[in-house]
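Mapping to my numbering: the sequence shown position 132 is 132, numbers consecutive.
Hint data in this document are derived by calculation from the structure and do not stem from the laboratory. Just so you know, not all the hints are guaranteed correct.
No farther apart than 25 Å at their CA atoms in a straight line, the calculated lysine to any residue pairs in the SDA-like style are these [what the hints assert, rightly or not]:
# : residue 1 : residue 2
1 : K170      : S253
2 : K170      : P260
3 : K170      : D200
4 : K170      : L236
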Amino acid sequence: MRCLVFGGNGQVGHALLGALSPLGEVVAATRDGQLAGGGRCEAIDLTRDDGIGPLVGRVAPDVVVNAAAYTAVDRAEQEPGLAHAVNARAPAAMARACADAGIPLVHYSTDYVFNGAGQRPYREDDPTDPLGVYGESKLAGERAVAGSGAPHLILRTAWVHGLHGHNFLKTMLRLGAERDELRVVADQVGSPTPAWLIADATARILRQGIRASGVRHLAAQGQCSWFDFASAIMDLATASGRISRRPDVVPISTAEYPTPATRPAYSVLDTTLLGDEYELDLPGWEQALATTLA
1 MRCLVFGGNG
11 QVGHALLGAL
21 SPLGEVVAAT
31 RDGQLAGGGR
41 CEAIDLTRDD
51 GIGPLVGRVA
61 PDVVVNAAAY
71 TAVDRAEQEP
81 GLAHAVNARA
91 PAAMARACAD
101 AGIPLVHYST
111 DYVFNGAGQR
121 PYREDDPTDP
131 LGVYGESKLA
141 GERAVAGSGA
151 PHLILRTAWV
161 HGLHGHNFLK
171 TMLRLGAERD
181 ELRVVADQVG
191 SPTPAWLIAD
201 ATARILRQGI
211 RASGVRHLAA
221 QGQCSWFDFA
231 SAIMDLATAS
241 GRISRRPDVV
251 PISTAEYPTP
261 ATRPAYSVLD
271 TTLLGDEYEL
281 DLPGWEQALA
291 TTLA
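Construct the entire structure; sequences and hints are all you get.
Set out below in C-alpha coordinates:
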(Lines of atoms letter the chains of each structure in order from A; the text may use other names.)
(Lines give C-alpha, C1' and ligand atoms only; values in the text may rest on other atoms or scores of the structure.)
Protein backbone atom coordinates (compact mmCIF):
# COMPACT_ATOMS: atom_id res chain seq x y z
CA MET A 1 0.00 0.00 0.00
CA ARG A 2 1.23 3.48 -0.87
CA CYS A 3 -0.06 6.15 1.53
CA LEU A 4 0.10 9.90 0.85
CA VAL A 5 0.05 11.83 4.14
CA PHE A 6 -0.68 15.56 4.06
CA GLY A 7 0.60 17.46 7.10
CA GLY A 8 3.54 15.20 7.79
CA ASN A 9 5.10 17.62 10.29
CA GLY A 10 2.02 18.08 12.47
CA GLN A 11 1.24 16.18 15.65
CA VAL A 12 -0.86 13.48 14.00
CA GLY A 13 1.04 13.52 10.71
CA HIS A 14 4.36 12.96 12.46
CA ALA A 15 2.90 9.96 14.30
CA LEU A 16 1.32 8.62 11.12
CA LEU A 17 4.65 8.41 9.30
CA GLY A 18 5.73 5.74 11.76
CA ALA A 19 2.39 4.02 12.29
CA LEU A 20 1.65 3.57 8.58
CA SER A 21 5.13 2.40 7.55
CA PRO A 22 4.39 -1.31 8.20
CA LEU A 23 1.59 -1.06 5.63
CA GLY A 24 3.95 -0.13 2.81
CA GLU A 25 5.37 3.07 1.33
CA VAL A 26 4.51 6.35 3.07
CA VAL A 27 4.86 9.57 1.08
CA ALA A 28 4.72 12.70 3.22
CA ALA A 29 3.74 16.19 2.09
CA THR A 30 4.54 19.33 4.08
CA ARG A 31 4.38 23.04 3.40
CA ASP A 32 8.11 23.47 2.75
CA GLY A 33 9.00 19.98 1.54
CA GLN A 34 11.06 19.30 4.66
CA LEU A 35 10.42 16.79 7.45
CA ALA A 36 10.87 17.84 11.07
CA GLY A 37 13.27 14.97 11.72
CA GLY A 38 15.33 15.78 8.65
CA GLY A 39 15.00 14.78 5.04
CA ARG A 40 12.95 15.99 2.11
CA CYS A 41 9.41 15.14 1.09
CA GLU A 42 6.69 16.49 -1.20
CA ALA A 43 5.99 20.22 -0.88
CA ILE A 44 2.44 21.57 -0.98
CA ASP A 45 0.86 24.92 -0.16
CA LEU A 46 -2.62 24.09 1.10
CA THR A 47 -3.77 27.68 0.77
CA ARG A 48 -3.57 27.13 -3.01
CA ASP A 49 -5.74 24.14 -3.76
CA ASP A 50 -4.73 24.02 -7.45
CA GLY A 51 -1.61 22.01 -6.58
CA ILE A 52 -3.35 19.26 -4.62
CA GLY A 53 -4.88 17.30 -7.51
CA PRO A 54 -1.66 17.20 -9.53
CA LEU A 55 0.27 16.00 -6.45
CA VAL A 56 -2.18 13.16 -5.84
CA GLY A 57 -1.98 12.25 -9.52
CA ARG A 58 1.82 12.24 -9.54
CA VAL A 59 2.23 10.20 -6.33
CA ALA A 60 -0.55 7.78 -7.35
CA PRO A 61 -1.27 6.55 -3.81
CA ASP A 62 -3.62 3.78 -2.76
CA VAL A 63 -4.98 5.99 0.03
CA VAL A 64 -4.71 9.65 1.03
CA VAL A 65 -4.58 10.62 4.70
CA ASN A 66 -5.13 14.28 5.50
CA ALA A 67 -3.52 15.19 8.82
CA ALA A 68 -3.00 18.84 7.83
CA ALA A 69 -5.14 21.45 9.57
CA TYR A 70 -5.30 25.03 10.73
CA THR A 71 -5.64 24.46 14.49
CA ALA A 72 -5.09 27.92 16.02
CA VAL A 73 -8.56 28.13 17.56
CA ASP A 74 -8.28 31.71 18.80
CA ARG A 75 -6.33 33.12 15.86
CA ALA A 76 -8.92 31.67 13.49
CA GLU A 77 -11.34 34.36 14.69
CA GLN A 78 -9.06 36.93 13.02
CA GLU A 79 -8.05 34.69 10.09
CA PRO A 80 -11.27 33.04 8.88
CA GLY A 81 -10.13 33.01 5.26
CA LEU A 82 -6.95 31.12 6.09
CA ALA A 83 -8.78 28.70 8.38
CA HIS A 84 -11.32 27.87 5.66
CA ALA A 85 -8.62 27.56 3.00
CA VAL A 86 -6.74 24.89 4.95
CA ASN A 87 -9.63 23.19 6.76
CA ALA A 88 -12.30 23.25 4.05
CA ARG A 89 -11.09 24.07 0.55
CA ALA A 90 -7.92 21.96 0.73
CA PRO A 91 -9.77 18.82 1.92
CA ALA A 92 -12.36 19.45 -0.81
CA ALA A 93 -9.57 19.39 -3.41
CA MET A 94 -8.11 16.22 -1.90
CA ALA A 95 -11.52 14.56 -1.97
CA ARG A 96 -12.09 15.52 -5.62
CA ALA A 97 -8.71 14.04 -6.54
CA CYS A 98 -9.50 10.85 -4.61
CA ALA A 99 -12.90 10.60 -6.30
CA ASP A 100 -11.26 10.95 -9.71
CA ALA A 101 -8.70 8.27 -8.85
CA GLY A 102 -11.18 5.98 -7.11
CA ILE A 103 -9.13 5.86 -3.90
CA PRO A 104 -10.17 6.46 -0.27
CA LEU A 105 -9.49 9.58 1.81
CA VAL A 106 -9.03 9.55 5.58
CA HIS A 107 -9.70 13.02 6.99
CA TYR A 108 -9.56 14.23 10.60
CA SER A 109 -12.04 16.57 12.19
CA THR A 110 -12.79 17.84 15.68
CA ASP A 111 -15.10 17.77 18.68
CA TYR A 112 -15.43 21.54 18.20
CA VAL A 113 -18.12 20.97 15.55
CA PHE A 114 -20.49 20.64 18.55
CA ASN A 115 -21.77 23.49 20.71
CA GLY A 116 -21.06 21.82 24.05
CA ALA A 117 -24.64 21.90 25.34
CA GLY A 118 -24.90 18.10 25.35
CA GLN A 119 -25.41 16.03 28.49
CA ARG A 120 -23.94 12.74 27.18
CA PRO A 121 -21.06 11.85 24.85
CA TYR A 122 -21.77 13.07 21.32
CA ARG A 123 -22.65 10.50 18.68
CA GLU A 124 -21.86 10.83 15.00
CA ASP A 125 -25.44 11.70 14.07
CA ASP A 126 -25.95 14.39 16.72
CA PRO A 127 -26.62 17.88 15.35
CA THR A 128 -23.54 20.00 14.76
CA ASP A 129 -23.39 23.63 15.81
CA PRO A 130 -19.83 25.03 16.01
CA LEU A 131 -19.26 28.04 18.23
CA GLY A 132 -16.33 29.60 16.36
CA VAL A 133 -14.49 29.93 13.07
CA TYR A 134 -12.25 26.93 13.71
CA GLY A 135 -15.18 24.57 14.24
CA GLU A 136 -17.07 26.12 11.31
CA SER A 137 -14.11 25.58 8.99
CA LYS A 138 -13.67 21.97 10.09
CA LEU A 139 -17.38 21.26 9.61
CA ALA A 140 -17.20 22.79 6.12
CA GLY A 141 -14.32 20.40 5.40
CA GLU A 142 -16.37 17.44 6.61
CA ARG A 143 -19.23 18.39 4.32
CA ALA A 144 -16.96 18.87 1.32
CA VAL A 145 -15.38 15.43 1.80
CA ALA A 146 -18.74 13.74 2.37
CA GLY A 147 -20.21 15.28 -0.76
CA SER A 148 -17.26 14.57 -3.04
CA GLY A 149 -18.16 11.06 -4.12
CA ALA A 150 -14.83 9.72 -2.88
CA PRO A 151 -14.67 6.72 -0.55
CA HIS A 152 -13.88 8.39 2.77
CA LEU A 153 -13.59 8.11 6.51
CA ILE A 154 -13.89 11.30 8.57
CA LEU A 155 -12.46 10.77 12.05
CA ARG A 156 -13.50 13.35 14.62
CA THR A 157 -11.08 13.48 17.52
CA ALA A 158 -10.48 15.68 20.55
CA TRP A 159 -7.89 17.49 22.67
CA VAL A 160 -4.98 16.15 20.63
CA HIS A 161 -1.63 16.15 22.40
CA GLY A 162 1.81 14.58 22.34
CA LEU A 163 5.51 15.26 22.72
CA HIS A 164 5.77 16.59 19.15
CA GLY A 165 4.39 19.91 17.98
CA HIS A 166 2.48 22.57 19.90
CA ASN A 167 -0.21 21.37 22.31
CA PHE A 168 -1.57 21.56 25.84
CA LEU A 169 0.65 18.77 27.17
CA LYS A 170 3.87 20.44 26.06
CA THR A 171 2.69 23.83 27.31
CA MET A 172 1.90 22.39 30.75
CA LEU A 173 5.28 20.63 30.95
CA ARG A 174 7.04 23.90 30.13
CA LEU A 175 4.99 26.02 32.52
CA GLY A 176 5.16 23.38 35.23
CA ALA A 177 8.93 23.61 35.19
CA GLU A 178 8.85 27.43 35.31
CA ARG A 179 6.06 28.31 37.75
CA ASP A 180 4.89 27.52 41.28
CA GLU A 181 1.21 27.83 40.36
CA LEU A 182 -0.85 27.02 37.28
CA ARG A 183 -4.40 28.33 36.87
CA VAL A 184 -6.36 26.04 34.56
CA VAL A 185 -9.94 26.06 33.33
CA ALA A 186 -12.10 23.49 35.13
CA ASP A 187 -15.49 23.90 33.44
CA GLN A 188 -14.67 22.63 29.95
CA VAL A 189 -14.85 18.84 29.65
CA GLY A 190 -13.52 16.57 26.92
CA SER A 191 -11.39 13.51 26.19
CA PRO A 192 -7.62 14.12 25.82
CA THR A 193 -6.37 12.00 22.94
CA PRO A 194 -2.68 11.47 22.08
CA ALA A 195 -1.50 11.71 18.49
CA TRP A 196 0.01 8.22 18.62
CA LEU A 197 -3.39 6.73 19.46
CA ILE A 198 -4.99 8.44 16.45
CA ALA A 199 -2.17 7.24 14.19
CA ASP A 200 -2.21 3.66 15.50
CA ALA A 201 -6.00 3.43 15.16
CA THR A 202 -5.79 4.79 11.61
CA ALA A 203 -3.22 2.15 10.70
CA ARG A 204 -5.43 -0.62 12.10
CA ILE A 205 -8.40 0.71 10.14
CA LEU A 206 -6.47 0.88 6.88
CA ARG A 207 -5.07 -2.59 7.43
CA GLN A 208 -8.65 -3.88 7.56
CA GLY A 209 -9.94 -1.53 4.85
CA ILE A 210 -12.54 1.20 5.23
CA ARG A 211 -15.84 -0.61 5.72
CA ALA A 212 -18.20 2.27 4.96
CA SER A 213 -17.84 5.95 4.11
CA GLY A 214 -18.94 8.40 6.77
CA VAL A 215 -18.07 10.09 10.07
CA ARG A 216 -16.71 8.18 13.06
CA HIS A 217 -15.51 9.33 16.46
CA LEU A 218 -11.98 8.49 17.61
CA ALA A 219 -10.83 9.53 21.07
CA ALA A 220 -9.41 8.14 24.27
CA GLN A 221 -12.04 6.85 26.68
CA GLY A 222 -13.37 8.73 29.69
CA GLN A 223 -13.60 12.44 30.27
CA CYS A 224 -11.98 15.21 32.28
CA SER A 225 -11.63 18.97 32.47
CA TRP A 226 -8.54 20.88 31.41
CA PHE A 227 -7.82 21.26 35.14
CA ASP A 228 -8.02 17.47 35.63
CA PHE A 229 -5.78 16.94 32.62
CA ALA A 230 -3.20 19.45 33.86
CA SER A 231 -3.23 17.88 37.34
CA ALA A 232 -2.60 14.42 35.89
CA ILE A 233 0.22 15.79 33.75
CA MET A 234 1.88 17.34 36.78
CA ASP A 235 1.51 14.16 38.82
CA LEU A 236 3.10 11.98 36.15
CA ALA A 237 5.77 14.52 35.19
CA THR A 238 6.85 14.90 38.81
CA ALA A 239 6.87 11.16 39.46
CA SER A 240 8.97 10.53 36.35
CA GLY A 241 11.43 13.36 37.03
CA ARG A 242 10.43 15.46 34.02
CA ILE A 243 9.89 18.35 36.43
CA SER A 244 11.66 18.63 39.77
CA ARG A 245 8.80 20.02 41.86
CA ARG A 246 5.06 19.82 41.37
CA PRO A 247 3.42 23.22 41.05
CA ASP A 248 0.00 23.92 42.53
CA VAL A 249 -2.75 23.52 39.94
CA VAL A 250 -5.67 25.83 40.68
CA PRO A 251 -9.11 25.39 39.06
CA ILE A 252 -10.64 28.47 37.43
CA SER A 253 -13.72 29.15 35.35
CA THR A 254 -13.85 29.89 31.63
CA ALA A 255 -14.99 33.41 32.57
CA GLU A 256 -11.71 33.92 34.44
CA TYR A 257 -9.70 33.04 31.33
CA PRO A 258 -11.38 34.87 28.43
CA THR A 259 -10.28 33.95 24.90
CA PRO A 260 -11.22 35.29 21.44
CA ALA A 261 -12.92 32.00 20.52
CA THR A 262 -15.76 30.43 22.47
CA ARG A 263 -15.09 26.77 23.25
CA PRO A 264 -17.68 24.06 23.96
CA ALA A 265 -18.21 23.38 27.66
CA TYR A 266 -18.73 19.66 26.98
CA SER A 267 -17.36 17.88 23.92
CA VAL A 268 -16.89 14.24 24.92
CA LEU A 269 -17.18 11.90 21.91
CA ASP A 270 -18.96 8.55 21.86
CA THR A 271 -16.59 6.13 20.10
CA THR A 272 -18.81 3.03 20.26
CA LEU A 273 -19.48 2.87 16.53
CA LEU A 274 -15.81 2.99 15.48
CA GLY A 275 -14.72 0.59 18.21
CA ASP A 276 -17.31 -2.01 17.23
CA GLU A 277 -16.78 -1.59 13.49
CA TYR A 278 -13.00 -2.08 13.59
CA GLU A 279 -12.62 -3.99 16.88
CA LEU A 280 -10.61 -1.18 18.46
CA ASP A 281 -9.93 -1.30 22.20
CA LEU A 282 -9.32 2.37 22.91
CA PRO A 283 -7.52 3.15 26.20
CA GLY A 284 -8.69 5.59 28.85
CA TRP A 285 -7.22 9.08 28.66
CA GLU A 286 -5.16 8.60 31.85
CA GLN A 287 -3.60 5.37 30.58
CA ALA A 288 -2.93 7.01 27.23
CA LEU A 289 -1.27 9.99 28.91
CA ALA A 290 0.96 7.69 30.96
CA THR A 291 1.99 5.87 27.79
CA THR A 292 2.79 9.17 26.09
CA LEU A 293 4.99 10.38 28.93
CA ALA A 294 6.68 7.00 29.28
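Hints, one by one, checked against the model:
no., hint, result
1, K170 to S253, "22 Å, holds"
2, K170 to P260, "22 Å, holds"
3, K170 to D200, "21 Å, holds"
4, K170 to L236, "13 Å, holds"
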